[in-house]
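J.: So the chains spell out like this:
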Amino acid sequence: MVEQQTIQDITVDDLVDKAVLMKGQGYRLVQISCTRKDGFEINYSFDKDYHFMDFRIRISEETEVLSISHIFFPAFLYENEMKDLFGVKIKDISIDYEGNLYRLALKTPYKPQTGVKEEA
Amino acid sequence: MSKRAIVPFGPQHPVLPEPIHLDLVLEDEKVVEAIPSIGFIHRGLEKLVEKKEFTEYVYVAERICGICSFMHGMGYCQAIETIMDIKVPERAEYLRTIWAELSRIHSHLLWLGLLADGFGFESLFMHCWKLREQILDMFEQTTGGRVIFSVCKIGGVRKDMDADTLKAIVDRLLVMQEELKSLTDVFIEDYSVRHRLVGVGVLSRQDAHDLGAVGPMMRASGIAQDMRKLGYAAYKYLDFEPVVEADGDCYARTLVRLREIYQSIALIRQAAAQIPGGELEEKFKGAPDGEYFSRLEQPRGEVIYYVKGNGSKFLDRVRVRTPTFTNIPALLKVLQGCELADVPMMVLTIDPCISCTER
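Going down the list, the protein sequences come from chains A and B. What the first sequence shows, in this note's numbering, is residues 1 to 120, in sequence order. What the second sequence shows, in this note's numbering, is residues 1 to 359, in sequence order.
Isolated chain B (complex conformation) (with noise of 0.2 Å):
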């Protein structure tokens, strides 16, 4: 009979950027369980809404992740502006879809960087941190900020983008869809990059559904839902499908993203194109007296904003879900029986972002 133990996974691993614990109880080399233990880094950022103005807290909001801050302020400014009937225009919400795009291809590109790193091939680690650089540059040269932006702000943007600026963006992105052709064949056919991701954490469907997976984790698994369908900011304008991929391993999860990226540049030449001129925000009176749970996409998946007010400015409560949080009961399905050394591989594959799940 095997001996059962218990392998300590993190908060402090290799592959983790961020602290997560996960206990894994072991028969020989196989995993039968996961109990997973987080907050070593909460933060009570919900409770701080007591203490800011409604205005003020977009700040907050974009603060509670590094990598898809853009959205988290995007998401809270949403639901206040639906409580509060303020009509966005439509250039402040077509300059939000490309700030939100080009957040999605950092994001992805950082993740595919990390996985290359955890399976241990470092190049191809800096070939794609390399490229995200360049959407760095982006953000800079249109907001100033390289990490937090805040042009996001209720009822609009702050800062514009002129036509010589968004062509120049286009063009950059065309030139950088090439090179990362060259990083794609290396991840959909290399001999190592398959060997350790195809056929490794394989989540079903009806798993994916049941347990509640979000964002690639779910539409790997076979299930087109993506929430920039329900049409918010310019995405009712544009046209796409969710990306999907039907075998719901970690290579399946690799290629939505990888698809995703693509899928963003022609989203933002699209937005690009059709971008009309106009305001940038609609001035608002008063406090929000209501409840809204605004949705986004963001690049891990679904965020929810809960947001409730009382028209006062201060706010009842604004409650973050982040997808991140909603995705740890499909990894921990997805551990029970694998190997021991293919865990950091499907850690990874969640792309988990522990600031979002401790905000």
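Bound conformation, chain A alone (with noise of 0.2 Å):
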């Protein structure tokens, strides 16, 4: 049996607009993420009552992004997360770290690294 998952793209614009919308109809927040695709891809999934929702942002490296930890408070720490690993510009968390959720023997690892010799 495979789950049927609802994939929306929208702009970094309305992701507030959405989160407030999900929040409205009882969803909770299921997980963040992001993917390196030219700049970074960023999956928000709510679910509710089994049914899974996911909203996409496309942004550059150089976009800033409004934080949803003031409408789903979880939020700050897969927020956090995507800042240490990826260097995603989030403002507005709620708890920021400052980079420093993880402890990291490289900054911003799962970016590519520029003057670092990556293993084959």
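Source of the hints: derived by calculation from the structure; they are not laboratory data. Be a bit skeptical, because a hint or two may be false.
[What the hints assert, rightly or not] Here are the simulated lysine-lysine pairs, DSBU-like style, with alpha carbons at most 35 Å apart:
no., chain 1, residue 1, chain 2, residue 2
1, B, K333, B, K47
2, B, K52, A, K107
3, A, K48, B, K153
4, A, K18, B, K333
5, B, K47, A, K48
[Unchecked claim] Short derived list, chain A residues pointing at chain B, Cβ under 10 Å:
no., residue
6, E41
7, D47
8, F52
9, H70
10, F72
11, Y78
12, L85
13, Y110
[Stated by the list, open to error] To spell it out: a stretch of chain B is covered by chain A in this simulated footprint if at least three of its residues, at any positions, have a beta carbon under 8 Å from a beta carbon of chain A; those stretches are:
no., stretch
14, 13-26
15, 42-52
16, 322-331
We treat Cβ as the ideally placed atom computed from N, Cα and C, and that holds for glycine.
Both chains are sitting in their own frames, so use the hints and assemble them into the complex.
T.: Here it is, written out as structure tokens:
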């Protein structure tokens, strides 16, 4: 049995509106994740009664994204994680670790590193 | 006016098998705020997908955690199978379900032992782990491994269980169930256990929802949500309902896990009775081109495997959202206003797995 999932592309400007809408409809935040793809692809996933919804924004590395942690409090962890690992620029996170959620040997390790030779 | 102080909790602490740190802001003995700090053992396993072929990554996924290793491999395989439209044989689905439920029993018994150890009930701890040892023996008998099994592969499973083995497992579980009943009585009735757990760390139904709690943490607050109801593997053929408690305290979270052990035994009995014959795997060609969010119910709650392929043997992305990671905001909530002495119980009752959190 394959779970039906809806993935919808939205613009970065629509993100907060969608989050408010999801909150109002009683959805819970399931996860936020980032994929490197000509910039960043960020998935915001929600669930209500086993109905899975995913909203996706595609942004350049320089684009600043507004945090949704003031709407869904748990978002602060995911947003800090994306900031630490990918270097996504996110503003107004409710608890901002300023790049120190993880203790990393390398800054933003999931972003292509300049001047760092990767092993084959 | 009370004087405020900050007490560091962890990363090394007697109740923490793995490192997590909390800065506890106290007013006298009361916690007014808790600020988490993680990242002591971040391994970057998601990034390894750039260097491992998608068929090899199953082994990486299984090594995310030593407790629910099988379910990590299964979650990853399910994502790939969905993207590539691979039809897993029914027998393999049943075998996966049996190993997954054995993993749940093993995980919950491990946790019950750690909880008992946490409130100083050493003999209870030892009895829980004595029972758990029998599950590890079953793993060894059926897979050859006690922690990492490597029996799950894309398209099916590597090993089978014959009828005699299945019967022996069910018989052993039924004996174990009787032994478990005496432990259950202690967890439910014993004064010292109740004193440490009842009314402690209450998470309301609304908070559990709003803070994104999952697994026993959520179900103990009255929300009947269990990803097994999505019907993956053989769960679509089995009869069960999510285990739910209403009180939302540490005691309710303990009851949920206790009851889930009995439920897992019942599910294994059902699966062993219904398992059909047939192949163990579906052969496939090609590479995944597409994406999917695979959702499973691990012992600690919902885990998500997001996999994105590009048609080559190297994936664009594997992202694992583990249950402990998403239970941290709920933990912070229950810590607010609690007594310092109750903090270890609250941390324990989310059943933290830091290996998963810092995959």
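J.: Could you run down the list of hints and mark each one as holding or not?
T.: Evaluation of the provided hints:
1. K333/B with K47/B: 32 Å, holds
2. K52/B with K107/A: At roughly 23 Å apart (the allowed maximum being 35 Å), K107/A and K52/B satisfy the hint.
3. K48/A with K153/B: Holds: K48/A and K153/B sit about 31 Å apart, inside 35 Å.
4. K18/A with K333/B: It holds: about 25 Å lies between the C-alpha atoms, which stays within 35 Å.
5. K47/B with K48/A: 30 Å, holds
6. E41: Holds, because the Cβ-Cβ distance from E41/A to chain B comes to roughly 8 Å (cut-off 10 Å).
7. D47: D47/A check passes; min Cβ-Cβ to chain B is 8 Å, inside 10 Å.
8. F52: It holds, given that the least Cβ distance between F52/A and chain B is near 7 Å, below 10 Å.
9. H70: 13 Å, violated
10. F72: At 7 Å from the nearest chain B Cβ, F72/A passes the 10 Å test, so the hint holds.
11. Y78: It holds, given that the least Cβ distance between Y78/A and chain B is near 8 Å, below 10 Å.
12. L85: 8 Å, holds
13. Y110: Hint on Y110/A: holds, closest Cβ of chain B at ~6 Å, below 10 Å.
14. 13-26: violated (count 0)
15. 42-52: It holds, with 5 qualifying residues against the three required.
16. 322-331: holds (count 4)
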